[in-house]
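First to last, the protein sequences are chains A and B.
Mapping the first sequence onto my numbering, position 387 (from 1) lands on 387, and the numbers just tick up by one.
Mapping the second sequence onto my numbering, position 292 (from 1) lands on 684, and the numbers just tick up by one.
Hints are computed from structural coordinates only; laboratory data are not their basis.
A quick note: this is a predicted structure, and the numbers were derived from the prediction, not measured.
Among the hints, a few may not be true.
Stated by the list, open to error - Computed beta-carbon distance windows for the label pairs:
| no. | chain 1 | residue 1 | chain 2 | residue 2 | range |
| --- | --- | --- | --- | --- | --- |
| 1 | A | Ala-190 | B | Gly-740 | 31 to 37 Å |
| 2 | B | His-474 | A | Thr-300 | 38 to 44 Å |
| 3 | B | Lys-614 | A | Glu-208 | 43 to 49 Å |
| 4 | A | Ala-189 | B | Glu-792 | 41 to 47 Å |
| 5 | A | Phe-299 | B | Arg-691 | 28 to 34 Å |
| 6 | B | Trp-509 | A | Thr-300 | 39 to 45 Å |
| 7 | B | Tyr-770 | A | Glu-148 | 39 to 45 Å |
| 8 | A | Ala-190 | B | Gly-589 | 52 to 58 Å |
| 9 | B | Glu-850 | A | Ala-189 | 28 to 34 Å |
| 10 | B | Gly-740 | A | Ala-189 | 46 to 52 Å |
| 11 | A | Glu-148 | B | Gly-812 | 53 to 59 Å |
| 12 | A | Ala-190 | B | His-474 | 36 to 42 Å |
| 13 | B | Arg-809 | A | Thr-43 | 54 to 60 Å |
Claimed, not checked - BS3-like cross-link-like pairs, simulated, lysine-lysine; straight-line CA separation at most 27 Å:
| no. | chain 1 | residue 1 | chain 2 | residue 2 |
| --- | --- | --- | --- | --- |
| 14 | A | Lys-236 | B | Lys-614 |
| 15 | B | Lys-614 | A | Lys-235 |
| 16 | A | Lys-236 | A | Lys-247 |
| 17 | A | Lys-247 | B | Lys-614 |
| 18 | B | Lys-751 | B | Lys-769 |
| 19 | A | Lys-236 | A | Lys-122 |
| 20 | A | Lys-19 | A | Lys-345 |
| 21 | A | Lys-122 | A | Lys-19 |
| 22 | A | Lys-345 | A | Lys-207 |
Backbone N, C-alpha and C define an ideal beta-carbon position, used for all residues, glycine too.
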Amino acid sequence: MLDIGVQTKNVVYDDCPEKGFALLASAGFSGADFSLNAYLNNTSIYTMSNAERSPAPAGHELGDAPGYTMSNAERSPTPAGHELGDAPGYTMSNAKRSPAPAGHGFFSQSVQELERFFTPHKKGARSAGISISQMHMPYPIHVPGGNEELNAFLWNEVAPKSLYVCHFLECPYIVFHGVKLARRMGAEAAEWERTLAFIDSIAPLAKELGITICMENLYESAGGHLVEGPCCDAKKAAERIDRVNEKYHAQVLGFCFDTGHANLVGIDFERFMTTLDYRLKVFHVHDNDGAGDLHQIPFTFTRTRENMPSTDWEGFRRGLSNIRFDGTLSFETAPVLSAFPDEMKEDVLRLIASIGRYLGGEATSLMLMKNMPLHDSTTSPIGISRVFKEDE
Amino acid sequence: MDIVCSPKGIINTERPERGAAAMARAGFENVALDFGAWWDGRALKNAGQDYTNQTDGIKRGMEGERGRAAQGGAVRGALVEHACAEFEKNGMRVAIAIAPGIEGRDKRACSSEFLLWLVEECIRTCGKAGCPYLVIPAFSTRGADGEGMDGSAFSARGTGGENDGEFAFSERGADGGDLEIRASCYQRLAYVARENGVTLLLKNECRDLNGHLVRGAFCDAKEAAEFLDLLNAEAKNQARIQEQDARTGGSRGIKACVPIFGFCLDAGVCNICGQNMYDFVHELGNRLKAVVLCDNDGRAECSLLPFANVGAFGLRTDWRGLICGLREIDFDGPAVLRFSDSFCATPGILRAKYLDFAKSMGDYFQWQVGQRRVLAKYRNRVLFGAGNMCRNYMQYYGGEFPPLFTCDNDKRLWGTRLEGLMVKDPEELRGLPKDCAIFICNIYYEEIAEQLRGMGLENPVEYFNDEYLPFGRDWKWRK
């Protein structure tokens with residue numbers, strides 16, 4: 001049976017973290033996806049960036065007098081794609097929690113201050129028997145066209161400090177978002193070069209701290225239509241992960257498969273997961289209607305009168321089985337807890353945990369039926385883990 | 393690039409005279425023979441069911457249906473020929489044909505054998521009509537061994553049976569089970585295609601997951617390209633044997649047509665699957681022989697005129713990616729404008745005007761995609777206009793296609809430089825050699841063209857446009 005995890009957002013609050021972790025444990029979770037991104041959410045990053053963005057260039061105005069010098073049909077850029085998961089209902093604001101510092105002030109604190117801040121969280125998780133199995137780095141790590149100061153801060157301060165917090169909370173995996181530039185640069189390969197530069201900037205520290213940074217399949221917004229973003233090609237992702245890990249002689253880079261993002265762009269779950277294989281370290285399990293990034297409970301959506309699921313959960317189970325996954329199956333379903341009344345929170349969490357056991361348990365059963373060895377997600381067939389230990 | 397009008401929804405399949413004339417009146421010179429207008433997917437469903445494992449009673453019934461379908465097929469074949477004659481009468485060329493497919497959820501029920509028979513008929517019709525391309529459906533058959541995927545899109549079957557060593561392209565079925573697209577189906581068609589001088593085009597398709605359209609066959613451009621290369625390599629071997637047969641009188645005459653397989657990119661499918669069309673086009677490269685230009689809402693398969701899918705934040709379809717990609721690979725094949733749903737929803741009295749608009753839309757794509765090709769056509773060129781469009785020309789194309797100078801009607805600019813380019817009085821154009829092209833870099837194209845005509849200049853006049861500039865320079869990386 002796999003370990004089951006869920007986001008700490010909307011469950012674990014800064015004023016009394018042990019209470020939230022205890023709730024997770026009683027609902028049936030053994031892992032937690034620590035929502036570090038909630039301390040600098042993407043809405044505030046875009047707000048900070050937009051505040052200093054120069055106005056979009058004007059397009060053609062046919063009424064202008066023909067001096068034949070007016071031109072430029074260059075269009076104003078598409079508005080940055082806010083992820084629905086981070087719409088107001090999903091933000092950290094909650095009266096029950098001590099307010100997070102405004103803007104990016106939170107990450108202006110020193111590493112020691114951050115560790116002090118998260119000490120109750122660490123103790124709370126430990127006392128509840130919850131392991132912080134993964135966490136989410138604030139995102140984006142780069143705002144296209146954003147001001148230089150902000151982008152430098154995200155890259156040089158927020159990212160490394162996130163790794164230190166990850167290490168402090170004894171969490172082995174931290175998920176980050178690659179830069180979204182393909183719609184500006186055309187080729188995805190050009191976009192990857194920028195993401196790779198980011199990885200190179202934090203990989204030495206990740207290696208030093210024994211953390212695997214995980215890139216996630218993302219989407220972008222094209223006029224509100226959610227289309228493929230970074231890391232939507234499993235083959236390319238696998239090759240790139242191998243290349244980076246060979247370079248650093250350590251498992252510094254892994255993959256986080258986000259089921260909801262994959263569903264938005266019609267990705268074949270089983271094929272994607274099977275291609276990534278042992279490189280797949282963590283999950284963001286959630287459901288949507290194929291159009292909006294809704295972060296709902298699996299098996300929620302249907303599209304036909306037969307009421308069969310419109311998300312490929314059977315493929316997901318087969319994928320888990322194919323890669324013999326033995327890590328933590330973690331849900332990214334915090335918005336569900338905003339939608340349900342507070343009184344039902346524990347019941348909802350229990351349901352999510354049950355679904356996790358179904359998905360993971362079934363996968364484990366399939367493996368046992370096929371007499372396949374369980375795959376330890378901390379090792380890889382190419383022996384990188386062993387090399388890493390030797391390096392240490 | 394040739395703009396091709398899909399007649400689906402525009403012509404009456406039994407009385408095509410009026411529709412064909414309307415398409416010609418709108419200025420379309422090329423037409424797609426969309427067999428789906430005559431054999432739609434739903435009608436094919438029952439006729440194509442695999443009944444081999446059914447009881448005798450059901451078998452008899454289904455055989456009867458197939459017989460009626462074949463009979464009906466003959467009638468439909470006559471209708472197709474009639475439509476082709478009408479296209480020809482109106483001066484339109486059949487530039488590409490599209491074989492009927494079995495729609496989403498019904499695909500599983502249709503046997504490959506029936507679909508193969510139907511496609512073979514389509515190839516023969518193409519041969520008769522002189523149509524060089526036929527877009528064919530994916531031939532999905534249930535994996536014989538029932539095994540799961542092998543981690544690759546391809547699986548070499550080495551079971552020792554009749555399919556030993558055969559390559560297959562695997563995809564998920566509607567029920568989540570494994571399907572294989574067998575190369576043998578295509579090789580069978582290749583034989584007929586070669587005899588009829590037709591290139592067969594695979595096309596990206598959606599898969600129906602309980603009403604949710606997701607990525608289906610040939611939606612991974614890299615895998616599709618690899619599969620195409622395998623098919624063409626095998627077809628080449630087959631061609632050698634076929635040529636030998638022809639020499640010894642064992643076969644009918646062969647029309648040379650190598651490579652026999654290519655790709656047709658359906659922009660509507662890419663849009664539903666949220667795919668980066670720029671990368672898709674580049675991955676396929678010269679294997680890309682045709683494109684289908686149609687829009688949709690990103691969720692359901694329908695055929696809207698491009699630029700119809702908009703929201704509060706603007707365009708919701710990646711037309712820039714497609715245009716820039718096609719321009720960069722110097723695409724010069726047929727581009728099928730498919731807009732049957734838009735057309736049918738338009739009030740009858742406005743439909744003629746809608747066809748005119750659709751033609752303008754096609755011309756726009758042709759102009760945008762062919763821009764680089766037009767620039768390369770001339771050895772010398774000058775620009776007209778000293779504004780932002782001129783600046784963009786210099787920044788994006790000035791290095792590769794340097795102009796001699798630019799000119800502008802604004803006297804204040806004469807003698808100044810823009811991006812290093814001298815701005816002159818338009819009167820200076822009179823001294824140009826006759827073969828030097830004048831590229832208008834200003835949206836007042838018609839007014840300026842009229843001005844040039846008024847000056848009595850005989851130089852070629854072209855319109856430059858900066859609406860879809862190449863990627864990569866219109867943003868600033870800030871770390």
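Going down the list of hints, with the structure as the test:
As the Cβ distance of A:Ala-190 to B:Gly-740 is approximately 48 Å, the hint placing it in 31 to 37 Å is violated. Between B:His-474 and A:Thr-300 the beta carbon distance is about 51 Å. The supplied range of 38 to 44 Å is therefore violated. Distance hint check for B:Lys-614 and A:Glu-208: the Cβ-Cβ separation is about 36 Å, which falls outside the suggested range of 43 to 49 Å. A hinted range of 41 to 47 Å is violated for the C-beta pair A:Ala-189 and B:Glu-792, which are about 22 Å apart.
As the Cβ distance of A:Phe-299 to B:Arg-691 is approximately 20 Å, the hint placing it in 28 to 34 Å is violated. B:Trp-509 and A:Thr-300 have their C-beta atoms about 43 Å apart, which keeps the hinted 39 to 45 Å range intact. For the pair B:Tyr-770 and A:Glu-148, the beta carbons lie near 42 Å from each other, so the given range of 39 to 45 Å is met. In this structure the supplied range 52 to 58 Å is violated for A:Ala-190 paired with B:Gly-589, their Cβ-Cβ distance being about 40 Å.
Between B:Glu-850 and A:Ala-189 the C-beta distance comes to about 45 Å, which lies outside the given range of 28 to 34 Å. Range check, B:Gly-740 to A:Ala-189: about 49 Å between beta-carbon atoms, so the 46 to 52 Å window is met. A hinted range of 53 to 59 Å for the beta carbons of A:Glu-148 and B:Gly-812 is inconsistent with their spacing of about 28 Å. Between A:Ala-190 and B:His-474 the beta carbon distance is about 51 Å. The supplied range of 36 to 42 Å is therefore violated.
Distance hint check: the CB atoms of B:Arg-809 and A:Thr-43 are about 46 Å apart, inconsistent with the given range 54 to 60 Å. A threshold of 27 Å between alpha carbons decides the hint, and for A:Lys-236 with B:Lys-614 the separation of about 11 Å falls inside it, so the pair holds. At most 27 Å may separate the alpha-carbon atoms for a hinted pair to count; B:Lys-614 and A:Lys-235 meet this at roughly 10 Å. With a CA separation close to 17 Å, the supplied pair A:Lys-236 and A:Lys-247 stays within the 27 Å bound.
In summary, the hint linking A:Lys-247 to B:Lys-614 is supported, as the alpha carbons are separated by about 26 Å, within the 27 Å threshold. Note on B:Lys-751 and B:Lys-769: the hinted pairing holds, with a Cα-Cα distance of about 24 Å set against a maximum of 27 Å. Between A:Lys-236 and A:Lys-122 the CA atoms are separated by roughly 36 Å; this puts the pair beyond 27 Å, and the hint is violated. Distance hint between A:Lys-19 and A:Lys-345 is fulfilled; the C-alpha atoms sit about 13 Å from each other, no more than 27 Å.
Between A:Lys-122 and A:Lys-19, the direct Cα distance comes to roughly 12 Å. Compliance with the 27 Å bound is thereby established for this hinted pair. At roughly 38 Å between alpha-carbon atoms, A:Lys-345 and A:Lys-207 are farther apart than 27 Å, so this suggested pair is violated.
Consistency note: the structure conflicts with the earlier hints numbered 1, 2, 3, 4, 5, 8, 9, 11, 12, 13, 19, 22.
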